[in-house]
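**Q** Chain by chain, the residues:
Protein chains: 2
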Amino acid sequence: MNVELITIGTELLLGFTVDTNAAELGQQLAAAGLRIPRRTSIPDTPDAIRDGVSEAIHRTGAVITTGGLGPTRDDMTKGVIAELFGRPIVFQEDLWQRLLERYRRVGRTPVESNRTQAEIPDGATVLPNQWGSAPGIWLEGQLQDGTSGLVIMLPGVPVEMKNLLQVEVLPRLASRGSGRIIRSRTLRTTGVSESVVAERLGEVDREISPLTLAYLPNVSGVDLRLTAWDAAPGEVDQLLEQGAAQVRGRSADSIYGEGEDDLAALVLACARERGIRLSVAESCTGGLVGARLTEIPGSSDVFEGGVVCYSYESKTTLLDVPADMIVEHGAVSEPVARAMATGALTRLGGDLSVAVTGIAGPGGATPDKPVGTVWFATALGGDVQASRNLFMGSRYEVRARAAQRALFLLWKRLLDLPRT
Amino acid sequence: MNVELITIGTELLLGFTVDTNAAELGQQLAAAGLRIPRRTSIPDTPDAIRDGVSEAIHRTGAVITTGGLGPTRDDMTKGVIAELFGRPIVFQEDLWQRLLERYRRVGRTPVESNRTQAEIPDGATVLPNQWGSAPGIWLEGQLQDGTSGLVIMLPGVPVEMKNLLQVEVLPRLASRGSGRIIRSRTLRTTGVSESVVAERLGEVDREISPLTLAYLPNVSGVDLRLTAWDAAPGEVDQLLEQGAAQVRGRSADSIYGEGEDDLAALVLACARERGIRLSVAESCTGGLVGARLTEIPGSSDVFEGGVVCYSYESKTTLLDVPADMIVEHGAVSEPVARAMATGALTRLGGDLSVAVTGIAGPGGATPDKPVGTVWFATALGGDVQASRNLFMGSRYEVRARAAQRALFLLWKRLLDLPRT
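Protein chains in written order, with this note's numbering: chain A, -1 to 418; chain B, -1 to 418.
One copy or two, either will do: identical chains are not told apart, so a pair holds if it fits within one copy or between any two.
Result set (DMTMM-like, lysine to aspartate or glutamate): computed pairs, CA atoms no more than 25 Å apart in a straight line:
#1 Lys160 x Glu395
#2 Lys367 x Glu293
#3 Lys410 x Asp381
#4 Lys160 x Asp221
Treat the hints as calculated values from the structure; they're not laboratory data.
Model the full assembly from the supplied sequences, consistent with the hints where possible.
**A** So this is what it looks like as structure tokens:
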């Protein structure tokens, strides 16, 4: 089955918004065996929506739209599409009651314009939106000119679009697919550069044929994406499993996970399995390591807490780093990193700590400590290990890479310990 | 002048690549006074390219394409478009010599397939690419069916596309522009929902005509974008200034900045102007508030530090929150938030602190404290103020919204203080 995508919003055409919904939809639909012959972005004007949707239906028969379902005047998607199908818009009292209930539950008072979110083209199916107030709409039937078509309207807010797609749309579309699918599997590496990963992997891309291998460097490390194109659903997993084994065979020690795996989640799981509690002392990352760990639900059972000691004084008062040590060696130094890691265990508690102190830039560099210099220390009881890295990139990148490195160091220390 | 964009590449439709070229092109062209009525992404197959480009020319007369100009088999843009115009492809010896020189300069050896990069549709203008090996192509004339059209072909590599656009394309297009331009100005609000903002603004979108107003909700709040369409360069700034004043007049207290302004930067600037040092006590946000503040270069001169007190014990040992208070009221409660804010000032130092304690989910809810419940307190010396919010969305969203709210509360307290 083919389906076109239409993302609606003047801000997309003006480049004010990067169209991440388009990528998300593309991945999910391809993985479900649906082909996308075309994607179009149009402004939120009635003419543009009418022409765009009508042409797509005549060309392909099915369309998913995103955007223009909110309560404001520039949200006109459903009105224009209803007209294209010759359907009146009807106010659904039961949908309105459900929306009111949702407003009560989240403690908000709806305003008059919210009533439009209970207006639905006659005969359409409502796709309930638990993540926001604009429901999705599934409209199938004949256009005024007699052509048959399907339009699935989804809200433009990415989290709402994504959840509606997963929960309401893909299950309904699954039965119409071709049978052949595209599927990818991504192995995540960290701690080594793209060229080192490529050198280690060597000629693996020939060995894994017909799979393809793509290198995707980002602030977390280098992701390795294996893709099976036009595969049979019964064979695709084995094909990808074989490819992943080949890649792992050559680069196992830098691979920490797959897909959307987060190193922070892995650290927490490893700590949990080993009965180890964690604490964190951050200077240049300013809370990022703590934020990464606590982003994971349930982190409280192994994460003790953290200190963001940004000023010199706070390093001393909160973590017992001797003031004269900072004067002698500088805040970005091996002794200070070690003292911070030890201080974190003493003050915060926990069995294993990590400390980060560095120069994120753009200011703060000295001749022997360029921007990107970061000292790390991990303390497992009295066993303290320190290391230094030089990270490239913007302040954002240096900090993100340093936070990932801190998690990597915790992970490596945890792997050396036996499970309880 | 109107111009459509066509981004070519199967990767784009599969969602493996986020189409950042589209946003870049949109911004640059709008700023130069060109209007983009539609953007299309198509796979790199001859049929899709032929149909996509032909339809765009018949509809709009001018098209910019990106992608498909490389030396490999799936790079077929220029061949298909040349055919559409009935032009033969000719090998340009002088272009080939220039490409060879470039290969020598960067120390690479061209392979046989690179010769195709010196093949150009007859009569087209070469747009020299100093940043890569595939030149851009400017082709203007009549299609085989007699329709007049302009196609500007640019490479898909973002840095090459961007530079060719700036250096070769925009100057050539400028002379055809109407002289009328599109310009936007964005006001950023936080602390109120989209529908409340819309209610406060009421009929302002009529008053600001011919400007348009778009509501852009995100985890930071609701951005309000005013856009002047088809404006004279000499008048556009005043027009936007008047519109911004109208919007500010109705919703001033929730507007914290413009454009890409970050509330964290604003908080730091306000604190600096008032000689106030800040500290932070975070539970559910786990370091996000600290990370937001320290993302801004130079934050160390007003940011004292933070404590991530994730466990009950750490709230007591690091911030002096009485253990029996946590037992009696729960960690997510007004007394605990107040005690955390006070403890942050005592333990970390600083003049103004904010404390955040809440239930980010998905676990941890109780009947009277649903997921998304967050207590905040700010302490300015002994003057402590507390407030509660209920945030919607995923764990990620609850945390991001809570961090933004914490910054908002700091900002509001700072605004009440005189500048030094």
